[in-house]
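Novice: Per this note's numbering, the very first residue in the sequence shown carries number 1; after that it's consecutive.
I should point out that these hints are in silico values taken from the structure, not numbers from a laboratory.
One should not assume that every hint holds.
In silico BS3-like cross-links for lysine-lysine, where the CA-CA straight-line distance does not exceed 30 Å [to be verified]:
hint : residue 1 : residue 2
1    : K30       : K146
2    : K94       : K30
3    : K54       : K148
4    : K31       : K81
5    : K52       : K149
6    : K81       : K149
7    : K146      : K52
8    : K69       : K193
9    : K193      : K94
10   : K193      : K30
11   : K51       : K94
12   : K25       : K51
13   : K25       : K94
14   : K30       : K117
15   : K192      : K69
16   : K81       : K173
17   : K117      : K28
18   : K28       : K139
19   : K139      : K176
20   : K193      : K139
21   : K25       : K149
22   : K51       : K3
23   : K54       : K88
Distance windows between CB atoms, simulated [said to hold, decoys possible]:
hint : residue 1 : residue 2 : range
24   : Y147      : K54       : 18 to 26 Å
25   : D59       : E116      : 38 to 46 Å
26   : K192      : K139      : 15 to 23 Å
27   : E116      : I191      : 31 to 39 Å
28   : Y147      : D86       : 23 to 31 Å
29   : P160      : E91       : 21 to 29 Å
Quick reminder that beta carbons are idealized off the backbone N, C-alpha and C, glycines included.
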Amino acid sequence: MKKGIFHFHSTYSYDGINTIENIIKVIKDKKLDFIVLTDHETIEGSLELQKKVKEYNLDVEIPTAAEYKTNQGDVIALNIKNEITDMKWEEFYKSAREQNAMLILPHPYDGHTQIEKLAQAVDVIEVFNARSSVINNYKSYLLALKYKKTMIWSSDSHIPQSLLNVVVGYEKKDLKFHEALTNGEIAPLFIKKSSVLDIFLSQLKKAYVNKNFKLFIYIVYKTLFKRTKEDYLNL
């Protein structure tokens, strides 16, 4: 069986705290077969990780991927060759398809507009995101069933402590990750909800990078009070 992690962020993301060296350590310690790094708005993290994997002579698949914020919400482009720069949905979609990229809809009910339209357009729907509420994950699962889309699970980790909150895998060792994903052969091997700390620290870095004190105050409220209440109500 091949095992690995999908959809997480490194320091190449504005809110990521996972360093490339720490990711390499996790690959070695856990003997992972694939890692799908999806930094915000850039493939630079994937490219740097590919470079480091070669330097360490590690037998691990690192697809080139990124999570882009389109004008209709976040979409992950997998197996792209060049950066996508136009965030208007129609142009983004065209650019991704011209590169034969797979499109994944992450956390559909967190920050997206025209969810049904996006769900029909993408190849894969993320049905469990460790940072999303229980009810939103359940709605994402129902959305994937409705449109008969391939499912994927992710930690959406931004800090080292949550990197292994979700591990996925598949049986056929001769398949690349995108092939197993296309065939619907990937399954969750381990799932754990992210703590408030994961969300708080990544959002704190976002506020610091943007030098936005008001955003910091809102983040404290959202992650330490509002988020805890929502998860309690959704149990």
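Novice: Could you grab the alpha-carbon distance between K30 and K146 and see if it respects the 30 Å cut-off?
Specialist: Violated - the C-alpha atoms of K146 and K30 are around 35 Å apart, more than 30 Å.
Novice: Given the proposed pairing of K25 with K51, does the C-alpha separation stay at or below 30 Å?
Specialist: Between K25 and K51 the Cα gap is close to 15 Å, so the pair holds against 30 Å.
Novice: Taking 30 Å as the top limit, are the C-alpha atoms of K146 and K52 close enough?
Specialist: Distance ~40 Å between K146 and K52 Cα, so the pair is violated.
Novice: Is it true that the CA of K117 sits at most 30 Å from the CA of K28?
Specialist: Cα-Cα ~40 Å, so violated.
Novice: For Y147 and D86, compare the CB-CB distance with the range 23 to 31 Å and indicate the outcome.
Specialist: holds (25 Å)
Novice: Hinted pair, alpha-carbon criterion (30 Å max): K54, K148. Please report holds or violated.
Specialist: violated (37 Å)
Novice: Does the structure keep K193 and K139 at a Cα separation of 30 Å or less?
Specialist: With a Cα-Cα distance of about 16 Å, the restraint between K193 and K139 holds, given a limit of 30 Å.
Novice: What's the verdict on K54 and K88, does the C-alpha distance respect the 30 Å limit or exceed it?
Specialist: It is violated: about 35 Å lies between the C-alpha atoms, which goes past 30 Å.
Novice: Assess, step by step, whether the Cα of K25 is no farther than 30 Å from the Cα of K94, and give holds or violated.
Specialist: violated (37 Å)
Novice: Holds or violated: K51 and K3, Cα atoms, limit 30 Å.
Specialist: holds (21 Å)
Novice: Do the alpha carbons of K94 and K30 lie within 30 Å of each other, as the hint requires?
Specialist: violated (37 Å)
Novice: Do the alpha carbons of K192 and K69 lie within 30 Å of each other, as the hint requires?
Specialist: Judged against 30 Å, a Cα distance of about 25 Å means the pair holds.
Hints 1, 2, 3, 5, 7, 9, 13, 14, 17, 18, 21, 23, 24, 27, 29, counting from the list given before, are not met by this structure.
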